[in-house]
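Asks: Each chain, letter by letter, is given below.
2 protein chains.
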Amino acid sequence: MQNDRYQYTYLFEFTKNVFHKMGCSLSDSETIAEVFLAAELRDHASHGMLRIKDYYELWKAGRINVNPDVRIVHESPSTAVIDGDNAVGMVAAKKSMITAIEKAEKAGSGWVATRNSNHFGIAGYYAMMALKHDMIGICLTNANPLVAPTFSTARMMGTNPIAVAIPAKNQPPFVADFATTPVARGKLAVAEKKGEKVAFGFVQDKFGNPSDDPTILKSGGSMLTLGGDRIHGSHKGYCLSAIVDIFSAVFSGANFGPFVPPSVAYLPLLEKKVGEGTGHFFGAMRIDAFQEAEEFKIKMDEWISTFRAAKPSEGQTHVIIPGDPEREAEKRNRKEGIKLVPAIKKDLIEIARDLKIDFE
Amino acid sequence: MQNDRYQYTYLFEFTKNVFHKMGCSLSDSETIAEVFLAAELRDHASHGMLRIKDYYELWKAGRINVNPDVRIVHESPSTAVIDGDNAVGMVAAKKSMITAIEKAEKAGSGWVATRNSNHFGIAGYYAMMALKHDMIGICLTNANPLVAPTFSTARMMGTNPIAVAIPAKNQPPFVADFATTPVARGKLAVAEKKGEKVAFGFVQDKFGNPSDDPTILKSGGSMLTLGGDRIHGSHKGYCLSAIVDIFSAVFSGANFGPFVPPSVAYLPLLEKKVGEGTGHFFGAMRIDAFQEAEEFKIKMDEWISTFRAAKPSEGQTHVIIPGDPEREAEKRNRKEGIKLVPAIKKDLIEIARDLKIDFE
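Just so you know, the protein sequences line up as chains A and B, in that order.
Start counting the first sequence at 1; every next residue gets the next number (the working numbering).
Start counting the second sequence at 361; every next residue gets the next number (the working numbering).
So here's chain A without its partners, still in its complex pose (with noise of 0.2 Å):
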């Protein structure tokens, strides 16, 4: 550790021993840890060791079962829907997706609707499991409701990512993990505490205005969809967030869209269920099952090379292929350390403190 960078190591047996300490199994807490980890060293910092805390709240407020009984309630050889006993949600993610592998094993395909869960991080993490089984890896996930869709001020749906993981050979693989709005609800709060105005197409007010305002959620505004507005398709990212709130919870028995339960401890539980917890959908398709595995990795060697040379727009070096930023990241966090800013490192000494275990 120097200055205000870790070790992936140390944050890892950090993270597992928080885990530990509350409850979760050993095995449990390595899951959550790893997923954690994975988050910061993909750059993707707002799902990494700034939400520690908050589990920790939820677990204090006896909002989340660390030695929950995760299993399959109704299945057919290709799909399954499991219940995560209000797990966190790693734990409920990464059973889900080991059933997704273990269907596609038998049957080509594996499809597993996951209720009662919570939270689960990145939903990259879960797709990309598929991979050393050379079988793409799907991972779609409701959560807090803070996006309208068109044509509407209410906040109906989250920020619902889609991830799809596809191998190659000597390519490394495709990994597209995104939300299905334009910006990552943490982008707001970064120019909110930088005092800065967003972007146009973000955000609107509670009237259904355009607004460039960060803060404008507070005040009754909402997150837009993909696309922003009507005119530029933000039906089409309306349509993409419903049906990963669909897959996710009407699929699982979850609650859906507006009534997804809140993923931090200061706000209340809602008074309305339409089902149990936070839902998530998980896909996995052997490649096997529609080409010899051999020849469909070349083709994707193939797919993405001819991607990464296409001419770049004036000023641009080259084509970005979805996992790249990522990966580089990755490299670079493990050799130069993940680094913490001051209030993420506050919140872990507390913690730290509390379960009486070790972090500075």
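Among the hints, erroneous ones may be present.
Claimed, not checked - 20 Å max Cα-Cα, derived PhoX-like pairs, lysine-lysine:
1. Lys632(B) with Lys311(A)
2. Lys529(B) with Lys553(B)
3. Lys553(B) with Lys706(B)
4. Lys547(B) with Lys311(A)
5. Lys272(A) with Lys705(B)
6. Lys346(A) with Lys335(A)
7. Lys557(B) with Lys547(B)
8. Lys705(B) with Lys381(B)
9. Lys691(B) with Lys492(B)
10. Lys187(A) with Lys218(A)
11. Lys557(B) with Lys218(A)
12. Lys381(B) with Lys413(B)
13. Lys53(A) with Lys311(A)
14. Lys311(A) with Lys273(A)
15. Lys699(B) with Lys553(B)
16. Lys193(A) with Lys345(A)
17. Lys466(B) with Lys311(A)
18. Lys466(B) with Lys106(A)
19. Lys671(B) with Lys206(A)
20. Lys578(B) with Lys554(B)
21. Lys339(A) with Lys53(A)
Keep in mind the hints are simulated off the structure, nothing from the lab.
Chain A is already provided as a structure; the job is to place chain B on it using the hints.
Replies: Just chain B, lined up with the frame of chain A:
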């Protein structure tokens, strides 16, 4: 028929006769007519009767197979790859979706990648085939390259649509069917004919500069992905379009990205091939592979009515559920007839004359 409006059955019979005269079987001709007319009914005229001339010219140029052997070439319990044998797209696509549905009946879900196909009309038609089986339907297809990935000026992708249909009980089904670009190719053509500019965010010039010129594709310009520019999330639209391309073409062994063959005869076949024809991807999931069917549908009703009741923005009357506008259009067009513009009428009259069938 009144003025320039035609009854559904008249256009259906005419279209069926055109393809039957071209040598398609009666059953295939009916399939093709049904999909063309579904586009007209749903007010997606850009995929309707307008396209018959393109298909006809492809056939005259010997570039389409009217007696195809559409067949499964690879399969697992829940997946298949179909070779379309260069069929009219609708013929390969319908057989593929039927295969996905049959797989889902046994395995819970069915996923079919199709190669060696052609332009297939509206993706929504195939997704909706699942509804009457109490299944969720999914359909993706790649298409002629017109769209540049983020940071590039090269036309690497089509408008690659995504269609998802989900059944409900008393509410009409949820049917999303949208291109992964802010705007359809056809909208640029309309603006061009009217001599109008388009909004920024739809197209760029050959250097990658923003443009409002709908004719820019003729001077080396390209269409942009959903999101428009990087700051508004064009990289997410690029991810979506890339996923559609890979699922449709790499899974199946079709041509991907810039190598998708033109769907019009006036453009020559490309010199380089990386697979066979155009590619599609189809999915079907039994709703009772996740939830008891009745329960699922009641929950979808609740989802739909919740979103329908979301507070509208100032100046708007209500939130639209995906599929609403098309369903209203279908009702109106079935009653009032389908309107054809003079240029399309003229094309159809010429084809009718060539093939010695009636059209007026």
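Asks: Does each hint hold? Answer for all of them.
Replies: Hint by hint, here is what the structure shows:
no.: 1; hint: Lys632(B) with Lys311(A); verdict: holds (18 Å)
no.: 2; hint: Lys529(B) with Lys553(B); verdict: violated (43 Å)
no.: 3; hint: Lys553(B) with Lys706(B); verdict: holds (17 Å)
no.: 4; hint: Lys547(B) with Lys311(A); verdict: violated (26 Å)
no.: 5; hint: Lys272(A) with Lys705(B); verdict: violated (55 Å)
no.: 6; hint: Lys346(A) with Lys335(A); verdict: violated (24 Å)
no.: 7; hint: Lys557(B) with Lys547(B); verdict: holds (11 Å)
no.: 8; hint: Lys705(B) with Lys381(B); verdict: holds (19 Å)
no.: 9; hint: Lys691(B) with Lys492(B); verdict: holds (19 Å)
no.: 10; hint: Lys187(A) with Lys218(A); verdict: holds (15 Å)
no.: 11; hint: Lys557(B) with Lys218(A); verdict: violated (37 Å)
no.: 12; hint: Lys381(B) with Lys413(B); verdict: holds (14 Å)
no.: 13; hint: Lys53(A) with Lys311(A); verdict: violated (45 Å)
no.: 14; hint: Lys311(A) with Lys273(A); verdict: violated (51 Å)
no.: 15; hint: Lys699(B) with Lys553(B); verdict: holds (18 Å)
no.: 16; hint: Lys193(A) with Lys345(A); verdict: holds (17 Å)
no.: 17; hint: Lys466(B) with Lys311(A); verdict: violated (46 Å)
no.: 18; hint: Lys466(B) with Lys106(A); verdict: holds (13 Å)
no.: 19; hint: Lys671(B) with Lys206(A); verdict: holds (10 Å)
no.: 20; hint: Lys578(B) with Lys554(B); verdict: holds (17 Å)
no.: 21; hint: Lys339(A) with Lys53(A); verdict: holds (17 Å)
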